[in-house]
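Trainee: This is what each chain is made of:
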Amino acid sequence: MSTELFTAQNQESPILVQNLTKRFGVFTAVDHVNFSVQAGEVFGWLGPNGAGKTTTIRMLLGLIKPTSGNAFVSGFNSATQTKSVHAHVGYMSQQFTLYNDLTAMQNIRFYGSVHGLPSDELRQRISEIIQMAGLEGRENTLTGSLSGGWKQRLALGCAIVHHPKVVFLDEPTAGVDPISRRQFWELIYQMAKDGVTVLVTTHYMEEAELCQRVGFISAGRLVGLDSVSELKLTQMRGQVLEINVSDPEKAVRILKAAQLSHQVPLDEVALYGAQVHAVVLEAQEYKDVIQKMLVEGNIQVNSIAWIAPTLEDVFISSVKAPAGN
Amino acid sequence: MNQFAISATDLVKEFKTNKNVVTAVNRLSLQIAPSETYGLIGPDGAGKTSTTRVILGLLSRTSGESSVLGFDSMNDMYEIRKRVGYIAQQFSLPPTLTVMENMLFFAGIHSVSSEQQKKRIPELLAFAGLNEFKNRLAGKLSGGMKKKLALACSLIHEPQVVMLDEPTLGVDPVSRREFWNLLGNLRAERGLTIFVCTPYMDEAERCTRVGLIYEGKLIVDDSPANIKRGIPGHVLEFAPSDFAVALKLCNEMAGVLEVQTYGDKLHVFVDDVSKRKAQIEAVLDSKGIAYDNLREIEVRMEEAFISLIRRQNERVEQIGVPTNKSEMTGEIQ
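Those protein sequences? They're chains A and B, same order as listed.
Start counting the first sequence at 1; every next residue gets the next number (my numbering).
Start counting the second sequence at 1; every next residue gets the next number (my numbering).
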């Protein structure tokens, strides 16, 4: 990416959220949230169900009005300049709102005309999108008979037919296989390289690792906002211990008992395939205690080591921390 | 009776459409011992759901053998039903029944005696963390709670085996972690045999053994650790400033076994880490391509999956088998 492009568009963040708050009656769905996303950035917006993720996106899209605070997209106020916002954004949801009884090409044409593209531009866009989505040779296939990965790429193509500068992807990869997911992320980064700003939500943290920066929302509040590598360093409560033992099932039973009796400050004990993972608070001093405990339970400990937390470990730790939800 | 919880030998399932015959399960053999947590993974339409349904006796098999706890899938399916819990893909629980009513409903279906119900239902509600929601309508539960209720309902008749077809689809990370921790508890405390189909490789890492199915065939069947170890080479990760050019350069480089894309990063599989790291850096420098933090990373199940499927695709292309087959089976499932 050229640096000129980056700084030129940096003047005004394509996505800007200031003290954004939404109350439904006594329930605060979004609570004084602040963040911004830069041009060409791929930003992950992550949170458990009911945390306020979708409510934030709806306010950014101008579909609901904030109780207080502001949301801006491409410099337009989402609440008061909704039409301008809509002209500049693309939106794709997990339901892939495609017409199954239209062909791939007809779907693109339909979305193009909804956005009022002139016919010569539309013709060019159709061929660009067919190529981008890898749908060559399938232009005239009924959308309903395309497999998951193709449908998903077609849905993305339809969402960006009008060249939006900001794209919202709401759980775009639910239920597609890892290979299709990788191809889809390649497309996301192609868009970003062209200066398109992408906000993506996903429930899969291995996928969220692909974002340049992520925001965690929990019970309406922003509880983390940084790059994945930085969040892993700063947001994890406790450390993850990976234990290889002769009898992992028995090891879990022993450690759970120790957790219940507060003998060891364990946040979590769980089976991971043939291994045991334990999230240990006040970590260092307890490694030897745990090892001794297992050996006394007649378990052969083959290895016991601290491992780097995954983004999922960090996410769960972050959203669990505030008492609530 | 054999010693396996789940067994299949040369299992075949064909679907006949008016135009042609599609082989969804193709001479598949697998043996799962009691207390294993077995993950069946594969691309969309590879035959995961068909395999599960044939083993359960919900679909008739075309040929071969399959059994659960020694009971034949086709001839003894009522015996299997008594001993196996099942969560279908995109299942739905009666939404107008409460959590408690759902439990009673499933207890009734499985002819669980009322004494047993009095004991089992409170245990399962506590296990699934649904005690305080027992009077809530199932339709009003969050996605994660619905999945936990489905798991609790599938356990009402104290099965020895559970078969779960993509049980966490659309569930948030906290609920998904809770769901898998519940499965782990069932394994640790009761020795339950768990068979699970999943498109998510981090879930595959939580299984004791993983089967990779490709166009109806089981092409890999091993522990996650062994599968990852079996992938040739070491992986270098970096984000290049010019993605397309760097991808091309790496693909053509000596000592590079494979290149995978990972968002704006590349995963380059190499034969020798230090030698090839220097080589890649030299080439990128000479072409004026910037890169950050070029480093070795550990292979996860996701990288292994992509590598294995890609090699299989290449093999299929070489011998000229039609490649649109997985697309067709995808429609039928």
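Since the hints were derived computationally from the structure, they do not count as laboratory data.
Where hints are given, some of them may not hold.
Below, a list of computed lysine-lysine pairs in the DSSO-like style, where the Cα atoms sit at most 27 Å apart [what the hints assert, rightly or not]:
#  : chain 1 : residue 1 : chain 2 : residue 2
1  : B       : Lys287    : B       : Lys275
2  : B       : Lys119    : B       : Lys134
3  : B       : Lys277    : A       : Lys193
4  : A       : Lys320    : B       : Lys119
5  : B       : Lys248    : A       : Lys193
6  : B       : Lys248    : A       : Lys250
7  : A       : Lys232    : B       : Lys277
8  : A       : Lys250    : B       : Lys228
9  : A       : Lys320    : B       : Lys134
10 : B       : Lys140    : A       : Lys256
11 : A       : Lys232    : B       : Lys134
12 : B       : Lys140    : A       : Lys65
13 : B       : Lys287    : A       : Lys193
Trainee: When the hints from earlier in the document are held up against this structure, which numbers fail?
Mentor: The structure breaks hints 4, 6, 10, 11; every other hint is satisfied.
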